[in-house]
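Quick mapping for you: the protein sequence lines, in order, are chains A and F.
Just so we're aligned, residue 1 is where the first sequence starts under our numbering, counting upward by one.
Just so we're aligned, residue 246 is where the second sequence starts under our numbering, counting upward by one.
Be aware that one or more of the hints could be misleading.
[Unchecked claim] On the chain F side, residues computed to face chain A include the following (Cβ under 7 Å):
{"id": "1", "residue": "Leu261"}
{"id": "2", "residue": "Thr262"}
{"id": "3", "residue": "Pro378"}
[Stated by the list, open to error] Here chain F is said to cover these stretches of chain A; the calculated rule only asks that three of the stretch's residues, wherever they fall, bring their Cβ under 8 Å from a Cβ of chain F:
{"id": "4", "stretch": "84-96"}
{"id": "5", "stretch": "186-194"}
I should point out that these hints are in silico values taken from the structure, not numbers from a laboratory.
From a predicted model like this one, the values you see are computed outputs, not experimental measurements.
Ideal placement from N, C-alpha and C gives every residue a C-beta, glycine not left out.
2 protein chains.
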Amino acid sequence: MSSPTAAALIIGTELLTGKIADQNLVALATSMRTLGVRLMRAHTVLDDVVTIADELRALSRAHTWVFTSGGVGPTHDDVTIDAVAKAFDVPVEISPELDGLLRKAFGDRLTEHHLLMARIPRGATLERSEAVPWPVVKMNNVWVLPGVPEIFALKMNIIESTIPKTAPFVSLAAYVRLDEGHLKPMLDAVVAQFPSVEVGSYPRWTDPDARTKITFDGHDRGVLNEARAAFQALLPEDALVRVEG
Amino acid sequence: MSSPTAAALIIGTELLTGKIADQNLVALATSMRTLGVRLMRAHTVLDDVVTIADELRALSRAHTWVFTSGGVGPTHDDVTIDAVAKAFDVPVEISPELDGLLRKAFGDRLTEHHLLMARIPRGATLERSEAVPWPVVKMNNVWVLPGVPEIFALKMNIIESTIPKTAPFVSLAAYVRLDEGHLKPMLDAVVAQFPSVEVGSYPRWTDPDARTKITFDGHDRGVLNEARAAFQALLPEDALVRVEG
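With the rest of the complex left out, here is chain A:
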């Protein structure tokens, strides 16, 4: 069974000029693991309509789902909605529903500029969940999410309750005292013995005790437990610090 796949398009000049670090990829990736969707890649690009539209066209053809982050405000550097429309060759129009929500949210403080956030590509749908008051714009297989991390994380609730859940991914870990040079033959043995398990090895530079984290990822918790047990059996005495998951 092959998993559905996804790609992230992270939009924001601020991320490529060192002003801020992205926080949304971890949130998206975590939701994808829960849903059993394999996140294949994340592209971070500048606030440029043509670049974003080109990326969207290619990513939406290659993957089951695409998730954009950022560029959905009302100012000159917010070009994501225009780029989604361009990618699918449709015009931009006003969503009466978003227009109504914006009027209600801003009340007396509303200006014509706030209403720019009611613009959606023609044919887009508004996706919602009970827990989240504001809908997400979805155009074909592209979900348009805001860049603000607090709102992005909140919207994951809509994603998780809307996208069909297949086999979720499970991740186990073992923290060990040995470095990767010493661990390599043991890891190679486990990788060969358990082809369905994705084994990861990560040096922990600032931890003087647990110098390496080994991860075991896959769909079947039973097999993952076997793989971790096989790894532990190869370790010298006292090399294991702790396990997780």
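Assemble chain F onto chain A, guided by the hints.
Same frame as chain A, but now just chain F:
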């Protein structure tokens, strides 16, 4: 004068499975601003040789410089060196110099597996600076950097002292009480008046006072100061919280 350009290739399944957030893009982006190099995009991909090689071929043709992050240890999931060699169609060989450094660094603890980290693509050079003891592998216009953030940041010293510096980018900021809907006409006026200035607008969701950060980026500090002053002149009284840069 068009600036040299760069792309980042961030390698690591752990970044696409929610295990960890990248910290290296901010460090790289900051160094690129200092050097006057325009960082155009960053692609995050899985630990897969073919994917990485394909990306490297495309990115190295399109940009002045490419920087990879991650995948340079000795275990089965470290495939960056093989992918760089594949991208440029050269074999992998042992660097006698890295071999010597590894033997010296690991001493009695050395295994044959540690020496896997002496592998480089044929034709690669080792770049160094006085301040950093361990060199960086460079193949044509591709710089191969480790994923561990502490070491990645350290290696930026080699990058900054080796790549020719052109006109550095300068960034000024203004923090204001207004939201983007109210700021839009003022920003549009400044964008129209100062075409050489990149103006960014960023909502600050968790700050009840300075609700929006406006940035002014470019090569000429004098012009940036003029653009920020023009923006400030358009603000209502008491709307400015503080300036930066």
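Verification of the supplied hints:
no.: 1; hint: Leu261; result: holds (5 Å)
no.: 2; hint: Thr262; result: holds (6 Å)
no.: 3; hint: Pro378; result: violated (16 Å)
no.: 4; hint: 84-96; result: violated (count 0)
no.: 5; hint: 186-194; result: holds (count 3)
Against the hints set out earlier in the document, violations occur for numbers 3, 4.
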